[in-house]
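There are 6 protein chains.
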Amino acid sequence: MGNEAFSHLDPDGKARMVDISEKQDSKRIARARVAVSMAKETVLALKKGDVPKGDVFAVARVAGIQAAKRTGEIIPLCHPLMLSSVTVEFEVSDDKVEIEAEVTTVGRTGVEMEALTACSVSALTIYDMCKSMDKTMEITDLVLLQKTGGSSGDFSR
Amino acid sequence: MGNEAFSHLDPDGKARMVDISEKQDSKRIARARVAVSMAKETVLALKKGDVPKGDVFAVARVAGIQAAKRTGEIIPLCHPLMLSSVTVEFEVSDDKVEIEAEVTTVGRTGVEMEALTACSVSALTIYDMCKSMDKTMEITDLVLLQKTGGSSGDFSR
Amino acid sequence: MGNEAFSHLDPDGKARMVDISEKQDSKRIARARVAVSMAKETVLALKKGDVPKGDVFAVARVAGIQAAKRTGEIIPLCHPLMLSSVTVEFEVSDDKVEIEAEVTTVGRTGVEMEALTACSVSALTIYDMCKSMDKTMEITDLVLLQKTGGSSGDFSR
Amino acid sequence: MGNEAFSHLDPDGKARMVDISEKQDSKRIARARVAVSMAKETVLALKKGDVPKGDVFAVARVAGIQAAKRTGEIIPLCHPLMLSSVTVEFEVSDDKVEIEAEVTTVGRTGVEMEALTACSVSALTIYDMCKSMDKTMEITDLVLLQKTGGSSGDFSR
Amino acid sequence: MGNEAFSHLDPDGKARMVDISEKQDSKRIARARVAVSMAKETVLALKKGDVPKGDVFAVARVAGIQAAKRTGEIIPLCHPLMLSSVTVEFEVSDDKVEIEAEVTTVGRTGVEMEALTACSVSALTIYDMCKSMDKTMEITDLVLLQKTGGSSGDFSR
Amino acid sequence: MGNEAFSHLDPDGKARMVDISEKQDSKRIARARVAVSMAKETVLALKKGDVPKGDVFAVARVAGIQAAKRTGEIIPLCHPLMLSSVTVEFEVSDDKVEIEAEVTTVGRTGVEMEALTACSVSALTIYDMCKSMDKTMEITDLVLLQKTGGSSGDFSR
Chain E
65 MGNEAFSHLD PDGKARMVDI SEKQDSKRIA RARVAVSMAK ETVLALKKGD
115 VPKGDVFAVA RVAGIQAAKR TGEIIPLCHP LMLSSVTVEF EVSDDKVEIE
165 AEVTTVGRTG VEMEALTACS VSALTIYDMC KSMDKTMEIT DLVLLQKTGG
215 SSGDFSR
Chain V
65 MGNEAFSHLD PDGKARMVDI SEKQDSKRIA RARVAVSMAK ETVLALKKGD
115 VPKGDVFAVA RVAGIQAAKR TGEIIPLCHP LMLSSVTVEF EVSDDKVEIE
165 AEVTTVGRTG VEMEALTACS VSALTIYDMC KSMDKTMEIT DLVLLQKTGG
215 SSGDFSR
Chain H
65 MGNEAFSHLD PDGKARMVDI SEKQDSKRIA RARVAVSMAK ETVLALKKGD
115 VPKGDVFAVA RVAGIQAAKR TGEIIPLCHP LMLSSVTVEF EVSDDKVEIE
165 AEVTTVGRTG VEMEALTACS VSALTIYDMC KSMDKTMEIT DLVLLQKTGG
215 SSGDFSR
Chain X
65 MGNEAFSHLD PDGKARMVDI SEKQDSKRIA RARVAVSMAK ETVLALKKGD
115 VPKGDVFAVA RVAGIQAAKR TGEIIPLCHP LMLSSVTVEF EVSDDKVEIE
165 AEVTTVGRTG VEMEALTACS VSALTIYDMC KSMDKTMEIT DLVLLQKTGG
215 SSGDFSR
Chain P
65 MGNEAFSHLD PDGKARMVDI SEKQDSKRIA RARVAVSMAK ETVLALKKGD
115 VPKGDVFAVA RVAGIQAAKR TGEIIPLCHP LMLSSVTVEF EVSDDKVEIE
165 AEVTTVGRTG VEMEALTACS VSALTIYDMC KSMDKTMEIT DLVLLQKTGG
215 SSGDFSR
Chain R
65 MGNEAFSHLD PDGKARMVDI SEKQDSKRIA RARVAVSMAK ETVLALKKGD
115 VPKGDVFAVA RVAGIQAAKR TGEIIPLCHP LMLSSVTVEF EVSDDKVEIE
165 AEVTTVGRTG VEMEALTACS VSALTIYDMC KSMDKTMEIT DLVLLQKTGG
215 SSGDFSR
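Protein chains in written order, with this note's numbering: chain E, 65 to 221; chain V, 65 to 221; chain H, 65 to 221; chain X, 65 to 221; chain P, 65 to 221; chain R, 65 to 221.
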C-alpha cells in the first residue's frame, strides 16, 4: 500500500496540511455518534433525580458546538472551515447517554472531523459533570455515521 | 439522590465552576486510555507500509499534549490548571491503536479531564490522518485508569 | 409568540448553531456604540495629563479589533466569519469615552455580534487600564447603531 | 496627576503588563453586574413563551464562565490567572435581564476584570440569542459591585 | 511619504484592519524562510546522535502548521483566512537548520504573514527543544522568498 | 551524546512535556532581543513621516505581550505559566528596529521561550504593518540575552 493512502503525508512521509485550493465549494454534511456508558444510578440521577438534567445537557451541547467550530485548532492537520450549522442531540437509555452531532458547511473539504470532535467534547463534558459520582464511566463507540457532499463520494455506515 | 452528587451544579441545578479556593496544592497524577479500532489493512499501513508511522504518532502525540494544556478552554466547567507534565504513549496491535496519556500537576484539583482530553484528541488526530483510507474506524473504550493525589482519595480501575 | 422568534433554538427549545448554508454571500456591515462613564478626573488624566492617551486608546483599539475576529469563539452560537475590515473609534467628552466599532464582511450572515463584541472588549480594556485610579466607572449604553446587507433587511437605530 | 495613576503605563506612557511578582498569593473575590434592557415582549417570550428560557440562560451562563477563564487572552494587559470559581446568576424583570457574576481566585492580583468580562459575554450571548426578534436591546450599567482581598483594600459600590 | 504607504493606518494614523471586501478571491501562495544557527555539536546531536531527529522536526513542523492557521489571532491586524495548504520543510547543514514554509489560500488577501509566522514558530519550537544543551542559538534571516496571486503583483526575492 | 541532552525527548526519543512537578517556585526573569532590518526609507517613514510611529509600536508591543502570555499554546512542549510581567521596548536606528522583551514569572520553570516569543511576534507585527511599502525586510538575530532564577544557573550572553 503506497503513501497515497494517507493524504496528510507527503511522498516522504512528513506531515502537511493537504492542498484543497483546487477543490470546489460544495455543501457538505457529516453526522457522528458516541456513547457515554455509566452506572444506572448515574443515569437515574441525570433522568429522575433532583438534578435538572436539562442543564447538564445544555452545557454539553454548547461545549460540542464550540468544539466543532475550533476543530481546525484542536486537530493539527485539519483545515479551518466556516461551519454553516452544528446540532448536538442526546438520547438517554438505561445505562448510557448517546450523543449525535451533525455539522454542515459550504466549503472545499468535508466536516467529518468537526462532527466527531463535537461528539467527543460533548461526551467529555458529560463525563466532567458526572465524575464526582461515577469514576467508571466509559466514552465509547465514537463513529462517523454519514457524510455527504464533495468529490470523494458519500459515505453511510 | 441529592444534588450534592453533581458538584458542577449548585443547589438549584445551574452550572457553575465549583469553588476550589479552600483546597490545598498537592501533586496530582491521572492516567487515561483509549483505543482506535481500525481495519487490519490500516494498521498494516501504519506499521509496515511505506508510511513512516513515526510521523503519524508524533503528530498525534503533540496534539494530545497540546489539548491537555487547553482542557480548561475546551471543557466548559474545568478549572484552568498549570500542568507539570504530559506524556502520550501508543501501543499498536492487529486491529487497533491504543493510546495512554498521563498528566501531572501540582494544584488544587485533579487532572482526570486533562488525561481524558489528551487521549480523545490524540485518537481524533490518528483518525484524521487515516480517514482517507478507512472511514469505519471507531474511537472506543476511553476510560480513566488511575488517579492519585488530592483529598477525595485515589482511584484505580 | 412561537419558537420561530428565537432562531438559535430548535422547535424543542434546544440550542443549536442555525443553518446558514442556503444563504448567499453578500457584503454586510454593522456599527455599534458603547460608553465608558468615568469621573471627570479620570477623563482629564486621559486627556491632559502626563499620560500619553494615545497608548491607552491604541491598546483598546487593538483589543477590540482582535475580539471582533474571535467573536465566533467567545459567543457560543455565533458562526465563524472571515471579517473584511474592523475599525474602532473613540470620542472623549467630559465624563465619558464613547467607542464606535464598524465591522464589514462578505459572508452568509451578519456582523452585529462582531461590532458589539469589539465595543465591549475595547470598553473593558479602557476600564482595565484606568481601574487603578477609578473603580466607579460604568460601561453603558451598548447598542447596535446600524446594520446593512443580507436578506433580513437593513436596520438603523 | 502623574503617571503613577495608570499602573499599566510605564513612566514614558507605554503599555506593559505590570509586575506582580513581589505580591503575595491571597484569596480574592470580585462581583460585577450588568443589565440587558429589552422590549417587554422579548422578556415575555423569554419568561412565559414556548421558549424554554432555561436553555437561553444555560448558554449565556456557560459563555460567561468560559470568558472569565479567558480574560487574560481577551484583555491585552490582564495577567493570566487560575480561577478557583465562577458563578453567573440571572434576574429577570419586566423589561430587562440582569446578570451578576462572582469570580474567586487565590493569586497575586484581583479578579475584577474576570467578573466584568463574564458579565459582558453573558449579556452579549443573551443579545445574540434574542436579536432575531429585538434589535433595540441595550447592554447597560456594567459595574463592579464588590472586590475583596489583596493589598489595595476592599471596594464595595 | 504619505500615509497611504502604511495600509494598516488610517489617514489619522490609527490602527485598523484594512478593508478587503472589494477585493476578489484568487489563489495566493507565499513562501518564507528562516535559519536557526546553533553550535556544531547541537547540529550533530540532532543529525547523528541517539536523538531521533525525526521527532524534533515532526514537532516543529506541526507547530508551524498550527501557527500558520492561527496567524489572524497572533498578529493583531491580520485578516482571518481559510488556508488551503501549509507545508514546512527543514534543511540541516553544519551549523544551522533552515526552515522553509509555503502557504496557499484562495481568498481576498495574501498569505505572507502566514508563511512568516509558520517559519517563526517552527524555529522557536526547535529552539525550545534544543535549549537545554545550547543557549546561544540564534533565529535569523527570516525573509519572504516569494508571493504570487492577488492584484498587487508577484514578488520574488 | 546521549538523550539527556534533549530534555523534551524521553529515552526513546519521543516528545513529551518534561516533568517540573518536583521543581520549586522561584522568581525567574528572561530577556531576549531581535531586529527588523528594513530599507532606510521605511525607517524614515516610521520615524519622521506623517505616520504616527507611536501607533505602530503600540500595536507591536501589545502583540508581543499577548503572545508571551500564550507561549504555552503556541510552542507545543512549553509549560503553561502565569506571567508576572512582560515589557517590550523598541530602539530605532538607521536601517532597523530592535526589540527587547523582558518577562518575569514566579514559577517552576524559566521564561526564555516567552521572551523569545514576545520578540518574534512583535517583529512580525512590525513587518505586517510595513509590508505594503517594503517587502525586503528581514527579521534577524533573535537571541536570548539573559536568564536568571531557577536551579540550572543564570545565563548571560
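Worth flagging that the hints you see were computed from the coordinates, not collected in a lab. You may find that some hints are simply not true.
Repeated chains share a single entry, so a pair holds when one copy, or any two copies, can fit it.
Using 27 Å as the maximum straight-line C-alpha spacing, the simulated BS3-like pairs for lysine-lysine come out as follows [claimed, not checked]:
no. : residue 1 : residue 2
1   : Lys104    : Lys87
2   : Lys160    : Lys87
3   : Lys199    : Lys160
4   : Lys87     : Lys111
5   : Lys199    : Lys87
6   : Lys91     : Lys111
7   : Lys104    : Lys91
8   : Lys104    : Lys160
9   : Lys111    : Lys199
10  : Lys91     : Lys160
11  : Lys199    : Lys104
12  : Lys160    : Lys111
13  : Lys104    : Lys78
14  : Lys78     : Lys91
This structure is a prediction, so every number in the text was calculated from the model and none was measured.
Right, here's what the structure says about each hint:
1. Lys104 x Lys87: neither (48 Å within a copy, 31 Å between copies)
2. Lys160 x Lys87: neither (40 Å within a copy, 32 Å between copies)
3. Lys199 x Lys160: both (14 Å within a copy, 25 Å between copies)
4. Lys87 x Lys111: For Lys87 and Lys111, neither the intra-copy (46 Å) nor the inter-copy (31 Å) Cα distance is at most 27 Å.
5. Lys199 x Lys87: Between copies, since 20 Å is at most 27 Å while 45 Å is not.
6. Lys91 x Lys111: Classified as neither; 37 Å inside a copy, 35 Å across copies.
7. Lys104 x Lys91: Result: close neither inside a copy nor across copies, 40 Å intra and 32 Å inter.
8. Lys104 x Lys160: within (8 Å within a copy, 29 Å between copies)
9. Lys111 x Lys199: Classified as within; 18 Å inside a copy, 34 Å across copies.
10. Lys91 x Lys160: Classified as neither: same-chain Cα gap 33 Å, cross-chain 32 Å, threshold 27 Å.
11. Lys199 x Lys104: within (13 Å within a copy, 32 Å between copies)
12. Lys160 x Lys111: So Lys160 and Lys111 pass the 27 Å test inside one copy only (11 Å; across, 32 Å).
13. Lys104 x Lys78: Between copies, since 23 Å is at most 27 Å while 46 Å is not.
14. Lys78 x Lys91: Only across copies: Lys78 and Lys91 sit 24 Å apart there, 30 Å inside one copy, limit 27 Å.
In summary, the structure is inconsistent with hints 1, 2, 4, 6, 7, 10 from the numbered list given earlier, while agreeing with the others.
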